[in-house]
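Let the sequences and hints guide you as you build the complete structure.
These protein sequence lines are chains L and U, in that order. Here the first sequence stands for residues 1 to 241, numbered as in the numbering used here. Here the second sequence stands for residues 242 to 482, numbered as in the numbering used here.
There could be a bad hint or two in this list.
[Claimed, not checked] Think about it this way: if two alpha-carbon atoms lie no more than 25 Å apart in a straight line, the pair counts; the simulated PhoX-like pairs of lysine-lysine are:
(1) U:Lys246 <-> L:Lys90
(2) U:Lys366 <-> L:Lys89
(3) U:Lys366 <-> U:Lys331
(4) U:Lys246 <-> U:Lys302
(5) U:Lys330 <-> L:Lys5
(6) L:Lys89 <-> U:Lys330
(7) U:Lys331 <-> L:Lys125
(8) L:Lys90 <-> L:Lys5
(9) U:Lys366 <-> U:Lys330
(10) L:Lys89 <-> U:Lys246
(11) U:Lys331 <-> L:Lys5
(12) L:Lys89 <-> U:Lys302
(13) U:Lys366 <-> L:Lys125
(14) U:Lys331 <-> L:Lys90
(15) L:Lys90 <-> U:Lys366
(16) L:Lys125 <-> L:Lys89
(17) L:Lys90 <-> L:Lys125
(18) L:Lys90 <-> U:Lys330
Keep in mind the hints are simulated off the structure, nothing from the lab.
There are 2 protein chains.
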Amino acid sequence: MSGPKVRLHVDQPLGEGQAVAVLEGAANYLFAVMRLGTGAEVLLFNGRDGEWRARVAEANKRRGVLVCEAQTRRQDFPPDLWLLFTPVKKERTNFIVEKAVELGVARLMPVSTRRMNAERLRLDKQQAHAIEAAEQCGATFVPGISDLQPLDRLLAGWDPARRIYWADEIRAGSDGTWPGAPGAPAAILIGPEGGFTPEERAKLDSLDFVSPVALGPRILRAETAALAAVTLWQRSFGDWA
Amino acid sequence: MSGPKVRLHVDQPLGEGQAVAVLEGAANYLFAVMRLGTGAEVLLFNGRDGEWRARVAEANKRRGVLVCEAQTRRQDFPPDLWLLFTPVKKERTNFIVEKAVELGVARLMPVSTRRMNAERLRLDKQQAHAIEAAEQCGATFVPGISDLQPLDRLLAGWDPARRIYWADEIRAGSDGTWPGAPGAPAAILIGPEGGFTPEERAKLDSLDFVSPVALGPRILRAETAALAAVTLWQRSFGDWA
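In structure tokens form, the structure reads like this:
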């Protein structure tokens, strides 16, 4: 349980002996807030090179240098699963992002739907939230987050080789089989709190690459449905098997 | 999407023509905050008789009477699954309670462990939180919450016919089979953020009724593990099949 207390996402390459410059916000956090001095250890990851133990070689108020010493965790890449979700209230959208990082998705894609009831999604804040979630849970991968895009436009350009599992609350209670195969590209689609409109439902029902799936007999909130669906997909087709 | 806007948990019996007295806090909420007057409709549930549409017959500041008209949802009873969890920070404990209500567990049992790192658990607040979660998500059942009890005492008195699935983060990455059978009494055990101590692990490993289970290759926070484990159990042995 001992070891470095700080775990930081950086953009630079990591590797044995690699020097990593830290600037501005990160320098302030490490050297002023956390009061790390020369010789202190931190954990670094960048989403590509795994996790590294690094040592502070220079520490100033506005910049510093860390040097990588040894890899402490191999790079994990999640299965090729995208999570398409309609933004909900801020706290619950944050929750979807955080839990998707832990459970392991490759990409987060916010979609707008008719009944969407959410403030404007700040993409930069959501991406920062994903990075923070990864820093805190020990993940080595941070899924990218796309710009919000309308569901109909996304469906119009969809590659039919990637099956969309549509968590359809109206089918709650129907049988629980999920079509599909391990390793195949996939996506999960979660609607807004008010559900999809009849027109949106008809569109989804008409598409061969969309498979409606049920998540038990009870009504789940959007963020709960997102988590449960990712969990079930991971167990059936992802890397939890 | 129209219909009554207020959904309220009550303690009294519900049935056709049944009058339900509302007092104090509930009366204030219905008649002052929500400004419902005579003739307005609400939804009621009590965890036993399903959900009923009721109409306001009398509305005063401090008391009122509702009369049940028709059942709008049958009573749902979740499978016989208990969730044993070590309380974490307040917001995340609330989250465990809320999501357990949605996903369907019969009972919530907070357990204390050596590395527990949480404020004192207020049982009344947690029970109120469970009721509020049920009111908001449309559930008709509210799981009871036990008093916090030490894990070792709980294990000492455990009925071995109820299998405990121990979500063991150290086994992350091991194979994903869960022993068990549909409909059998079961419990899920989630440890504290710092994990169980070696002594606690040895104890759990020595018990025939405890089955360690893995939740994928990535590290999950306690509340995420709770949700994922309940989801997987529901799909394999509960009422999501």
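Against the structure, the hints come out as follows:
| no. | hint | result |
| --- | --- | --- |
| 1 | U:Lys246 <-> L:Lys90 | 22 Å, holds |
| 2 | U:Lys366 <-> L:Lys89 | 24 Å, holds |
| 3 | U:Lys366 <-> U:Lys331 | 11 Å, holds |
| 4 | U:Lys246 <-> U:Lys302 | 20 Å, holds |
| 5 | U:Lys330 <-> L:Lys5 | 19 Å, holds |
| 6 | L:Lys89 <-> U:Lys330 | 22 Å, holds |
| 7 | U:Lys331 <-> L:Lys125 | 24 Å, holds |
| 8 | L:Lys90 <-> L:Lys5 | 29 Å, violated |
| 9 | U:Lys366 <-> U:Lys330 | 14 Å, holds |
| 10 | L:Lys89 <-> U:Lys246 | 19 Å, holds |
| 11 | U:Lys331 <-> L:Lys5 | 22 Å, holds |
| 12 | L:Lys89 <-> U:Lys302 | 32 Å, violated |
| 13 | U:Lys366 <-> L:Lys125 | 32 Å, violated |
| 14 | U:Lys331 <-> L:Lys90 | 19 Å, holds |
| 15 | L:Lys90 <-> U:Lys366 | 24 Å, holds |
| 16 | L:Lys125 <-> L:Lys89 | 14 Å, holds |
| 17 | L:Lys90 <-> L:Lys125 | 11 Å, holds |
| 18 | L:Lys90 <-> U:Lys330 | 20 Å, holds |
Violated hints, listed in ascending order, are 8, 12, 13; each of the other numbered hints is respected by the structure.
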